[in-house]
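*Asks:* Since the structure of chain A is provided, determine the placement of chain B on it from the hints.
Line order of the protein sequences matches chains A and B. Per the numbering used here, residue 1 is the first one in the first sequence, and the count goes up by one each step. Per the numbering used here, residue 115 is the first one in the second sequence, and the count goes up by one each step.
Treat the hints as calculated values from the structure; they're not laboratory data. Do not rely on the hints blindly, as some may be mistaken.
Unchecked claim - Below, computed lysine-lysine pairings styled on BS3-like, alpha-carbon distance capped at 25 Å: (1) A/106 with A/58; (2) A/101 with B/134; (3) A/109 with B/155; (4) B/128 with A/101; (5) B/156 with A/109; (6) B/169 with A/101; (7) A/101 with B/156; (8) B/156 with A/106; (9) B/155 with A/106.
Unchecked claim - Negatives, chain A to chain B, calculated, CB over 10 Å: (10) 14; (11) 16; (12) 24; (13) 60.
What the hints assert, rightly or not - With the C-beta cut set under 7 Å, the calculated list includes, among others, these residues of chain B facing chain A: (14) 158; (15) 214; (16) 215; (17) 220.
Built from N, CA and C at the ideal position, the CB exists for glycine as well.
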Amino acid sequence: AQSVTQLGSHVSVSEGALVLLRCNYSSSVPPYLFWYVQYPNQGLQLLLKYTSAATLVKGINGFEAEFKKSETSFHLTKPSAHMSDAAEYFCAVKPQGGSEKLVFGKGTKLTVNP
Amino acid sequence: GAVVSQHPSRVICKSGTSVKIECRSLDFQATTMFWYRQFPKKSLMLMATSNEGSKATYEQGVEKDKFLINHASLTLSTLTVTSAHPEDSSFYICSASFGETQYFGPGTRLLVL
Chain A
1 AQSVTQLGSH
11 VSVSEGALVL
21 LRCNYSSSVP
31 PYLFWYVQYP
41 NQGLQLLLKY
51 TSAATLVKGI
61 NGFEAEFKKS
71 ETSFHLTKPS
81 AHMSDAAEYF
91 CAVKPQGGSE
101 KLVFGKGTKL
111 TVNP
Chain B
115 GAVVSQHPSR
125 VICKSGTSVK
135 IECRSLDFQA
145 TTMFWYRQFP
155 KKSLMLMATS
165 NEGSKATYEQ
175 GVEKDKFLIN
185 HASLTLSTLT
195 VTSAHPEDSS
205 FYICSASFGE
215 TQYFGPGTRL
225 LVL
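Only chain A is shown next, with the shape it has when bound in the complex (with noise of 0.2 Å):
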């Protein structure tokens, strides 16, 4: 079964500063990947995905994940954060061409400081 793990259920950052959270994920194929965003009390917003084309994806809010085949990784970064970017983040997965559930990770609680 597929399976995600986000190291570090917190991570704190200074603003401006460089913000790296990392997931990893058990395939033996390449699946689909998916960084989703929450802010409090709200739904969950979807930040990028890898679909099987460029690596490297860009998404919104400046953020992009490079997808790692060798490492089976799709770490999320932001070169500067912004107070704003205080948030939990959820990476998951979805096999290619199987089930349509997602596979979440157990998120990913950003603070940044000031």
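*Replies:* The following block gives chain B in isolation, referenced to the frame of chain A:
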């Protein structure tokens, strides 16, 4: 594009009553919709997969007679929490599939007194 709405955003009800939550895809048709439950500071728990015109598929441990799901059209799915009890209090989120991507609604906060 790919906007999903939920109504209501918040609901408070008395124990024993039923509550209906609507999930709509506003600018696309969704053959498949999903219902999730999220506990405080936790990830999402899939409750059921809803396909238009057919019965929902429930995840293990989810009571189908308690959480009634109807997907009557390609843009609307409803979740009815029947005979709600305080332990049903939670944040319920729906999503709708468009291609390979799920788009999520803003969530419904249910409080059962």
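*Asks:* Does each hint hold? Answer for all of them.
*Replies:* These are the hints, each one checked on the structure:
| no. | hint | result |
| --- | --- | --- |
| 1 | A/106 with A/58 | holds (23 Å) |
| 2 | A/101 with B/134 | holds (23 Å) |
| 3 | A/109 with B/155 | holds (9 Å) |
| 4 | B/128 with A/101 | violated (33 Å) |
| 5 | B/156 with A/109 | holds (11 Å) |
| 6 | B/169 with A/101 | holds (16 Å) |
| 7 | A/101 with B/156 | holds (18 Å) |
| 8 | B/156 with A/106 | holds (7 Å) |
| 9 | B/155 with A/106 | holds (9 Å) |
| 10 | 14 | holds (24 Å) |
| 11 | 16 | holds (27 Å) |
| 12 | 24 | holds (16 Å) |
| 13 | 60 | holds (13 Å) |
| 14 | 158 | holds (6 Å) |
| 15 | 214 | holds (5 Å) |
| 16 | 215 | holds (6 Å) |
| 17 | 220 | holds (4 Å) |
Of the hints listed earlier, the one the structure fails to meet is number 4.
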